[in-house]
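Please construct the entire structure, taking both the sequences and the accompanying hints into account.
Protein sequences, first through last, are from chains X and E.
Remember, my numbering sits 371 above the position in the first sequence when you count from 1.
Remember, my numbering sits 238 above the position in the second sequence when you count from 1.
Hint data in this document are derived by calculation from the structure and do not stem from the laboratory.
Among these hints, one or two may not hold up.
[Claimed, not checked] With beta-carbon atoms standing in for the labels, derived distance ranges:
{"hint": "1", "chain 1": "X", "residue 1": "S380", "chain 2": "E", "residue 2": "N289", "range": "23 to 29 Å"}
{"hint": "2", "chain 1": "X", "residue 1": "P485", "chain 2": "E", "residue 2": "K316", "range": "41 to 47 Å"}
{"hint": "3", "chain 1": "X", "residue 1": "Y410", "chain 2": "E", "residue 2": "S296", "range": "37 to 43 Å"}
{"hint": "4", "chain 1": "E", "residue 1": "R241", "chain 2": "X", "residue 2": "K477", "range": "22 to 28 Å"}
{"hint": "5", "chain 1": "E", "residue 1": "G254", "chain 2": "X", "residue 2": "K477", "range": "29 to 35 Å"}
{"hint": "6", "chain 1": "E", "residue 1": "A291", "chain 2": "X", "residue 2": "S423", "range": "44 to 50 Å"}
{"hint": "7", "chain 1": "E", "residue 1": "E306", "chain 2": "X", "residue 2": "L417", "range": "22 to 28 Å"}
{"hint": "8", "chain 1": "E", "residue 1": "P246", "chain 2": "X", "residue 2": "P411", "range": "14 to 20 Å"}
{"hint": "9", "chain 1": "E", "residue 1": "T311", "chain 2": "X", "residue 2": "S383", "range": "20 to 26 Å"}
{"hint": "10", "chain 1": "X", "residue 1": "T480", "chain 2": "E", "residue 2": "E306", "range": "30 to 36 Å"}
{"hint": "11", "chain 1": "E", "residue 1": "A291", "chain 2": "X", "residue 2": "E435", "range": "34 to 40 Å"}
[Unchecked claim] Using 25 Å as the maximum straight-line C-alpha spacing, the simulated PhoX-like pairs for lysine-lysine come out as follows:
{"hint": "12", "chain 1": "X", "residue 1": "K472", "chain 2": "E", "residue 2": "K300"}
{"hint": "13", "chain 1": "X", "residue 1": "K472", "chain 2": "X", "residue 2": "K440"}
{"hint": "14", "chain 1": "E", "residue 1": "K300", "chain 2": "E", "residue 2": "K316"}
{"hint": "15", "chain 1": "X", "residue 1": "K439", "chain 2": "X", "residue 2": "K429"}
{"hint": "16", "chain 1": "X", "residue 1": "K429", "chain 2": "E", "residue 2": "K300"}
{"hint": "17", "chain 1": "E", "residue 1": "K300", "chain 2": "E", "residue 2": "K249"}
[What the hints assert, rightly or not] These stretches of chain E come out as covered by chain X in the derived footprint (C-beta under 8 Å, 3 or more residues):
{"hint": "18", "stretch": "277 to 284"}
{"hint": "19", "stretch": "338 to 346"}
Cβ atoms here follow ideal geometry from the backbone N, Cα and C, with glycine treated the same way.
What follows is each chain in one-letter form.
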Amino acid sequence: AQSVTQLGSHVSVSEGALVLLRCNYSSSVPPYLFWYVQYPNQGLQLLLKYTSAATLVKGINGFEAEFKKSETSFHLTKPSAHMSDAAEYFCAVSRTGANSKLTFGKGITLSVRP
Amino acid sequence: DARVTQTPRHKVTEMGQEVTMRCQPILGHNTVFWYRQTMMQGLELLAYFRNRAPLDDSGMPKDRFSAEMPDATLATLKIQPSEPRDSAVYFCASGLDGQYEQYFGPGTRLTVT
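Okay, structure coming up:
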């Protein structure tokens, strides 16, 4: 079975600072990996996905993530945080051929200080 | 702009009452997922449909919850009878089988008093 670990529940950065949200996965077969963002009182929105093509994946709103098989990681980064990035971020994994089911991490809340 | 829609957006009901939540998946999508989100448990998968057939409802309390897809444009999640512990935000998501990403609706915030 696959799983996702998002360490910590809250990250706080200053506006303009680097954003780094960590995600480690466990999967016995090559995974598909996703990052979703949830703004207050809204549903989850897909930020980016890794589906075994390029290991560096660019998403919306200036975010990107790098798949590192040796580290079983898929960390999310953004060079310069904006106030509008404050939200909850979820990492998710799907096993190829697994009926499209996603396993989500517990999420991490990003706060951006002015 | 194709989106998943959910109704109602908010529901307050008394314990013991029946609650029905509806979801319209994105046109052409053939997979539908129901999730429940709470502070304590996070995001939990309740049920999953492919081509309107239920594939996995192991996350759903069977005694009070039921999920159906009467047609390709409508998915329903019903709770009968409702209990205070059912208070949560319920999300519907849809996708295309084999493409893995899911598109979420805005959710139904349920409060059972």
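Structure-based check of all given hints:
no. : hint                          : verdict
1   : X:S380 <-> E:N289: 23 to 29 Å : violated, 37 Å
2   : X:P485 <-> E:K316: 41 to 47 Å : holds, 45 Å
3   : X:Y410 <-> E:S296: 37 to 43 Å : violated, 30 Å
4   : E:R241 <-> X:K477: 22 to 28 Å : holds, 26 Å
5   : E:G254 <-> X:K477: 29 to 35 Å : holds, 32 Å
6   : E:A291 <-> X:S423: 44 to 50 Å : violated, 28 Å
7   : E:E306 <-> X:L417: 22 to 28 Å : holds, 26 Å
8   : E:P246 <-> X:P411: 14 to 20 Å : holds, 19 Å
9   : E:T311 <-> X:S383: 20 to 26 Å : violated, 43 Å
10  : X:T480 <-> E:E306: 30 to 36 Å : holds, 34 Å
11  : E:A291 <-> X:E435: 34 to 40 Å : holds, 37 Å
12  : X:K472 <-> E:K300             : holds, 20 Å
13  : X:K472 <-> X:K440             : holds, 21 Å
14  : E:K300 <-> E:K316             : holds, 11 Å
15  : X:K439 <-> X:K429             : holds, 15 Å
16  : X:K429 <-> E:K300             : violated, 41 Å
17  : E:K300 <-> E:K249             : holds, 21 Å
18  : 277 to 284                    : holds (count 3)
19  : 338 to 346                    : holds (count 8)
Hint compliance for this structure: hints 1, 3, 6, 9 and 16 are not met, and every other hint is.
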